[in-house]
Structures are given as structure tokens and as C-alpha cells.
Amino acid sequence: MPTALERTLVVMPAFNEEESVAAVVREVFAKAPGAGCLVVDDGSLDSTAREAESAGATVLRLPINLGVGGAMRAGFKYAMLHGYRNVVQVDSDGQHDPAGIAELVAQLDDYDLVLGARFAGVGDYAVHGPRQWAMRVLSSSLSRIAKTKLTDTTSGFRASGPRAVALFARHYPSEYLGDTVESLVIASRARLRVAQVAVAMRPRAGGVPSHNPYKAAVYLGRAGMALFVALIRPRVVVAEPPVLV
Amino acid sequence: MSTAIYILGIVAALIVLGVVIESLRRHHLRERHAIWWLGAGVIALVIGIFPQLLGWVAGLLGVTVPLNLVFFLSIAVLFLVSIQHSGELTELESETRTLAESVALQDLRIRELEKALAEMQPDARPDERGER
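Chains as they are written, first to last, in our numbering: chain Z, 1 to 245; chain Y, 246 to 377.
Isolated chain Y, as found in the complex (with noise of 0.2 Å):
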């Protein structure tokens, strides 16, 4: 492996494992959904630090090419990780469609106690209850 390579695996990573740290420095990422990309990142740099262990545990899982080790993993990560998120999504659509139940229910309480307040008050001007 030309020396070329080694340094290209190793920048790989760490540009991996700093855009994932910089996201969660700024609240981009919040951990839990970090976490899986750190565990990445941290695997990817140790085996472009020591490229010999992959070929060892390719040996030790009996994968006869460990490239192949490398493309597994990683669908493996990236389909836990959409699962993840397609299940994220769909407790934040639900908790949406709550938030809009009450807010629309809310909304119509508010405009019968204007009615009310209006009707208690009928000298005042409709500019005096905060209507533009």
C-alpha cells in the first residue's frame, strides 16, 4: 500500500470524526443520533491507522476479502441508521398532529372568550381586545 493511500484513509476518518464533533458542538446533532456516526468515524480511523487489522479480523470472521468486511459494515451502519430516523420521523409526526390538535382547540376557545369578553363589554372598541 503506497504511503499516498495510508495518509488518504487515515484524513478520511478524521474529517468524518470532525464534522461529527463540530454538528454536535453547535447542536447540529444531538447525541443520540451522533452516536452512530462517532462509532464510524472512531473504527474507520483505527483502520486507517493500522490497515493490518481489518485483514485480521476478516481472517477471524472468515471473510475471504476484507474489503468486503469494510462494504458490510458499513450498509450495516447506514440501515440502522435510516431505521433509526424513519422511526424518529414518525414520532414527530404524531407528536405534530397532537400539537396541532391543541393548538386548534385552543384556538377556539380563545376566540369564545373573545366573544364573551366582547359581549360582557360592548362599549369596547375592537382595537382595545388586541385585534389588528
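In isolation and in its complexed conformation, chain Z is listed as follows (with noise of 0.2 Å):
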């Protein structure tokens, strides 16, 4: 029988990530041996795809952006159409270690969507200020719908089983915040089993994370819609998984 992560695919979602995107795909080789890697070329305009192939991922082309949401749900569907079991998704830009994909993979057989949490302790991945309360009052929100201490909600770093692959394969919203915020109400609504694991993060490539408070009163804002559009949506119901043979 195949190991779990040999049944595993990591999918990256990726826009104009040429300068990393091959150094991340050859680390989760190294790191995660066995399992699938899929780089979502998210409609770039420089090399993406073909720094990826040659690094030996097997690329998706969106002939158009379609942002995170987006590339992930295509990525949800290439993994049910080749029978992969587990979906992970790492970001391109080398912002998560590799390494933690086993840990990640590792807690499926218990839960079914395992998010990768900056904050709980491991690493040295900081954030202050407006932006920091933000993401204290989402997180403390989340929790209580997901009946599980999150503290880091936003993290694009997470581990989906296959009653979240299937779930999400069908319903991963492209809204800015809704992959990460929306995708997790989804699931917990559809009565998914959530849980975090401490990963470490690397300091992101390029950029620094905002600590503006009218860009984290507006971040807080499209939170609050974010959320707020999840709650007032039907609830999805997924099938119960097949009988592992």
C-alpha cells in the first residue's frame, strides 16, 4: 500500500513567481519524497511554468488570473481526476518550509483539513499592531466556528483530506480572503474535522506585511465580509469517503 504521502499532492498555486518558484518545487522533492507536486500557473506573464517544468513539477497553465481561490479549486480538480487521496498547498514564493508537509499530511488520519499555523510557537514569523488585532478577532471568531483553537487563519499552508479534497474541489471561493477565511467556514459547516499544527514560517521573499492601520481596518473589514458572506451562504454537504480498500 502506498504511504500517505505517496497518495499526496502539493499543489502551488503560482503568479510571476519565476525567481522561486523552481527552488521551492525541488525542496518539496527533497523534502516530501513520494508525494505529487503541481504548480497552478495562475495566468503569469514571465516564466512561471517553465521554471517549474524544468524543476520537474508538472504544471497546470490557467489561461487567464484567476487568483489563490482559483488556482487552488483547479488544483482540487487535477487531484480527484488522478486519484490522489490528500491535497497540500505550499505558496511559490518559499514563504513555507517544505518540511512541513509530513507534519501537515501526518494529522489527516484524524482531521480533515490540517492548517499550518504561523503563530503557535515555532519560527520567527511576526506581525504587529492594527493588522496582528485583525487577525486576533478573525481568529478568535473562526475558532468558535470551527470548534478548534486557530490561531492562525489566514495561513495558506494547510493539508486537505479527501472529504476536503472532494468538498473543496467543488466549492473553493476565488474572493480575496475566500480561500483562506471562506474555505474554512465551508468546511466546518460541512461538519469537516479542522485542526492547526505549529509550523515555521520563513520571512516572506519579497515584501514586507503591512502594518498600516487603515490598510488592517480595511483588511479587518473584507474579513468581516469574508465571514460574513460564508455564514449567510447554504450549508454544503459532502458524501461520507469511500471504503479504503
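Note that these hints are calculated values from the structure, not bench results. No residue lacks a Cβ here, since even glycine has one placed at the ideal position from N, Cα and C. Fair warning: there could be bad hints in the mix.
Unchecked claim - Mimicking SDA-like on lysine to any residue, the simulated pairs with C-alpha atoms at most 25 Å apart in a straight line are:
| no. | chain 1 | residue 1 | chain 2 | residue 2 |
| --- | --- | --- | --- | --- |
| 1 | Y | K360 | Z | S47 |
| 2 | Y | K360 | Z | A55 |
| 3 | Y | K360 | Z | G83 |
| 4 | Y | K360 | Z | K147 |
| 5 | Y | K360 | Z | G43 |
| 6 | Y | K360 | Z | P63 |
| 7 | Y | K360 | Z | A49 |
| 8 | Y | K360 | Z | M80 |
| 9 | Y | K360 | Z | F29 |
| 10 | Y | K360 | Z | L81 |
| 11 | Y | K360 | Z | G56 |
| 12 | Y | K360 | Z | E18 |
| 13 | Y | K360 | Z | R26 |
| 14 | Y | K360 | Z | E53 |
| 15 | Y | K360 | Z | H82 |
| 16 | Y | K360 | Z | T58 |
| 17 | Y | K360 | Y | S347 |
| 18 | Y | K360 | Z | G34 |
| 19 | Z | K147 | Z | V238 |
| 20 | Y | K360 | Z | E6 |
| 21 | Y | K360 | Z | S54 |
| 22 | Y | K360 | Z | R193 |
| 23 | Z | K215 | Z | S139 |
| 24 | Z | K147 | Z | R193 |
Said to hold, decoys possible - Selected chain Z positions facing chain Y (Cβ under 7 Å, derived; list incomplete):
| no. | residue |
| --- | --- |
| 25 | R61 |
| 26 | P63 |
| 27 | L66 |
| 28 | L192 |
Claimed, not checked - Far from chain Z by the CB rule (all over 12 Å, computed), these chain Y residues:
| no. | residue |
| --- | --- |
| 29 | V256 |
| 30 | L274 |
| 31 | V302 |
| 32 | P311 |
Starting from two chains that each stand alone, build the complex the way the hints lay out.
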């Protein structure tokens, strides 16, 4: 029987990441042996697709830019079509350490959706000021909805088990923050079991997290909007996973 | 009311109807989008021809200034049409998204098939496989 990692597809949404994508793909192959690696080129204008291919990844080329949520749903569909049980989302900018993939996948025996959390005590990633308050408000509301303690709900480093993959292949929001916040609500309301695991994060390759209070307010507003919309939408029901042989 | 104003009202309604019907004819507009504008045009034409009708309906509804009824109905129609357009836009975006996904999935399948085919026919030159 193949190991959990061999039945796992690492999906990397990439938009104009030609400088980092190849290195991340190689790191994924080295640190998550056996896992498939799919780079979803989200309508990049640079040579992201070629770089990823040269590093050995399978590349799905979206003809137009759909955003992270759009790229991920395409990845979930690919996973369903090719019989992968699990999907792990990894950013192609190198922010996520692929060493964490195996830890996330290990939790999928007991949970359907496992988030890699940045603030759970490992690594040196930190956010301060208004943005931190905004993220706290978001985390506490989502913790209540998911019925488990979540400290980093906007983390893009997450593993989905078979039930979550089936759900997300059909329902994965492409709105801003929809891919993180709303998808969590969709999963919780579909009665998927959610958990978080502490993972180390590396600083972002480019750009610094904003500490501008105005931007933090806008961020909180948009997050609140995403949360509100997710809660008023009808609940999605997922079928029980097929019995494993 | 002067004759000039009376004629202006009718001509304006006819222009609206003319534009909508011509757009329908040329497939610029689909029926379900045109129906609102057709309705509005017909009402405008009827009221243009029989202006006293407006005063009568306004009195019936208890609207003191008949012109306010016109503004209210115009805003209501514009509001409903905008909502309908936003809805259609959302639907189009989600359809575009699904199409983009399936284009990408098929593009990958084609590339993999081409690669497999090239491995089966090692002597085939690239231009014989349709590559430019």
C-alpha cells in the first residue's frame, strides 16, 4: 500500500514567481519524497511555468488570472481526476518550509483539514499592531465556528484530506480572503474536522507585512465581509468518503 | 402643456423603443435583458400620448406631485436592472472560472499526450507533430 505522502499532491499556486518557484519545487521533492507536485500557473506573464517544469513539477497553466482560490480549485480538481487522496497547499514564494508537509499530512488520519499555523510558537514569523488585532478577531470568530482553537486562519499552508478535497474541488471561493477565511467556514459547516499544527515560517521573499492602521482596518472589514458572506450561504453537505481497501 | 413638450415626450419614448428593438434585431440584446427596457419604453410612450393618465395614477396612489411618481418608477427600474446585471456578471465570472480550469486541465493532457507520442515515434520531427 502506498504511503500517505505518495497519495498526496502538493499544489502550488504561482503568479509571476519565476525567481522562487523552481527552488521551492526542488525542496518539495527533497523534503516530501513520493508526493506529487503540481504548480498551478495562475496566468503568469513571466516564465513561471517553464521554471517549474524544468524543476520537475507538473504544470497546470490557467489561461487567465483567477487568484489563489481559483488556482487552488483547479488543483483540487486535478487531484480528484488523478486519484490523489490528499492535497497540501504550499506557497510558491518559499514562505512555507516544505519540511512541514509530512507533519500536516500525518494529522490527516484524524482530521479533514489541517492548517499550518505561523504563530503557534515555532519559527520567527511575527505580525504586530493593528494587523495583528485584526487577525486575532478573525481567529477567535473562526475558532468558535470550527470548534477548535485556531490562531492563524489566513495561513495558506494547509493540508486537505479526501473529504475536504472532494468538497473543495466543487466549492472553493476565489474571492479575496475567500480561499482562507471562507473556505474554513465552508469546511466547518460541512462538518469536516479542522485542526492546526504549528509550523515554522520563513520571512516572505519580497515585501513586508503592512503595519498601516488604515490597511489593517480595510483588511478586517474585508475579512468580516468574507466571514459574513460565508455564514449566510447555504450549508454544503459532503458525502462520506468511500471505504478504503 | 405646450404642443412642443407633448411631441417631445412621445418622440423620446419612440427613440427608446426604437433603440431597444433595433438592438434586439441585431442580436445586441437578448430578450431577457431587453424586457425591462421594452416595458419602460412602452409605459413612457403611453404616458407621452395620454399625459392625463399620469395624474390619474398618481392620484390613485396618493402621490401629490405626479412627476415624483415618474422619478420613483424610473429609479426602481434602474435599480432592478442593475441588480440583474450584477447577478449575470457573477454568473459569467463563475462560468469563465470553470472554463479556464477545464482549458488548463485539457492543455496539460494534450502536452502529456504529445510527449508520450513523441517518445513512441522518436524519429518524428517536431514539425510533423504540428509544433511551430
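Please verify whether K360/Y and G43/Z have alpha carbons no more than 25 Å apart.
holds (23 Å)
Is K360/Y close enough to K147/Z, meaning Cα to Cα at most 25 Å?
Between K360/Y and K147/Z the Cα gap is close to 48 Å, so the pair fails against 25 Å, i.e. violated.
Mind checking the alpha carbons of K360/Y and H82/Z for me, to see if they're no more than 25 Å apart?
holds (18 Å)
Pairwise hint evaluation, E6/Z against K360/Y, where the allowed Cα distance is 25 Å at most
Status holds; Cα separation ~24 Å.
Taken at face value, is the distance from the CA of L81/Z to the CA of K360/Y at most 25 Å?
With Cα atoms ~20 Å apart, K360/Y and L81/Z stay inside 25 Å; holds.
Is P311/Y truly not at the interface, in the sense that its beta carbon sits beyond 12 Å from all beta carbons of chain Z?
holds (40 Å)
Separation of V302/Y from chain Z, once the least beta-carbon distance is taken, above 12 Å:
For V302/Y, whose nearest Cβ neighbour in chain Z is about 38 Å away, the distance exceeds 12 Å, so it holds.
Straight-line alpha-carbon gap K360/Y to T58/Z, limit 25 Å:
holds (13 Å)
Under the criterion of a CB-CB separation shorter than 7 Å, is L66/Z in contact with chain Y as hinted?
holds (6 Å)
Holds or violated: are the alpha carbons of K360/Y and A49/Z at most 25 Å from each other?
holds (16 Å)
Measuring Cβ to Cβ, find out whether L274/Y lies farther than 12 Å from everything in chain Z.
holds (26 Å)
Below or equal to 25 Å on CA atoms is what counts here, so check K147/Z against R193/Z.
holds (9 Å)
When each numbered hint is compared with the structure, violations occur for hints 4, 22 and 28.
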